[in-house]
Amino acid sequence: MLTAERRQFILEILRRDKKVLSSELSAVLKVSEDTIRRDLRELAESGLLQRVHGGALMAAPVTASYTERQMQAPQEKEAIARAAAQLIRPGQVAILDGGTTTLQVARQLPLDLAATIVTNSPPIAIALAEHPYIEVMMLGGQLYKKALVNIGAATIEALGMIRADLCLLGVCSLHPEIGISVQNLDEAYIKRAMIARSAEVVGLATAAKLDTAATYVVGSIQALTYLVTAPTVTTAQSIAYQNLGVTLIRHDR
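full-length UniProt numbering numbers the first residue of the sequence shown as 1 and each following residue consecutively.
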């Protein structure tokens, strides 16, 4: 089998099983584990998978610009946002993480809702600026232009002064074994701080982000109280997360 054929086979197995093990691939393909590790390394460098100890997982979706991400799965994100917005109760303090799905949550909040929203996202703060009863607390810091969120020590310090009832977390990658992960280290620190300062945590994830992994781990699946996702998620995927104690909420179509 040619190298290109072998690597295509690896990707097909990965798409089917959501993970591959170097030892199993070595036995099936009748090549050394060194050869398999080299294949996985090359595929990872091309952004086609995420290497982990002993094998590989599906890679996180390629991070596009904020504007481009707003055009990805807009109906799915809007429906997820409708379900998530219902979790914010009157009088609560809720942290809204940055992201295009959490921006949709801000737009879905009822006009009669009186609550406090804490966010590091300028677009979310702007979206809520004219809401009649929501108090907006904007977290400062350095603007990470690709994601349009504030990051850094100042952001983390401000979060340290807050005790929130709820955190709605934008998810880059979610995997039962790896947990919550992202592609930017500073964002990982911010998300960790948001989780630590919240009584309950809601993960918002489109179907494409489930069972994938990125470079920087935010925390385990058990950090989530709820996972709001798509109805297209399979029963097998649902069970894997529910068995870890997460309450799954599928949005309506």
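Treat each hint with caution, since some may be false.
Below 20 Å or equal to it, Euclidean Cα-Cα: the simulated EDC-like pairs (lysine to aspartate or glutamate) are [to be verified]: (1) K19 x D34; (2) K30 x E68; (3) K18 x E45; (4) K146 x E135; (5) K145 x E45; (6) K19 x D165.
Treat the hints as calculated values from the structure; they're not laboratory data. These numbers come from a predicted model, not from an experiment.
Going down the list of hints, with the structure as the test:
1. K19 x D34: holds, 18 Å
2. K30 x E68: violated, 42 Å
3. K18 x E45: holds, 18 Å
4. K146 x E135: violated, 26 Å
5. K145 x E45: violated, 24 Å
6. K19 x D165: violated, 35 Å
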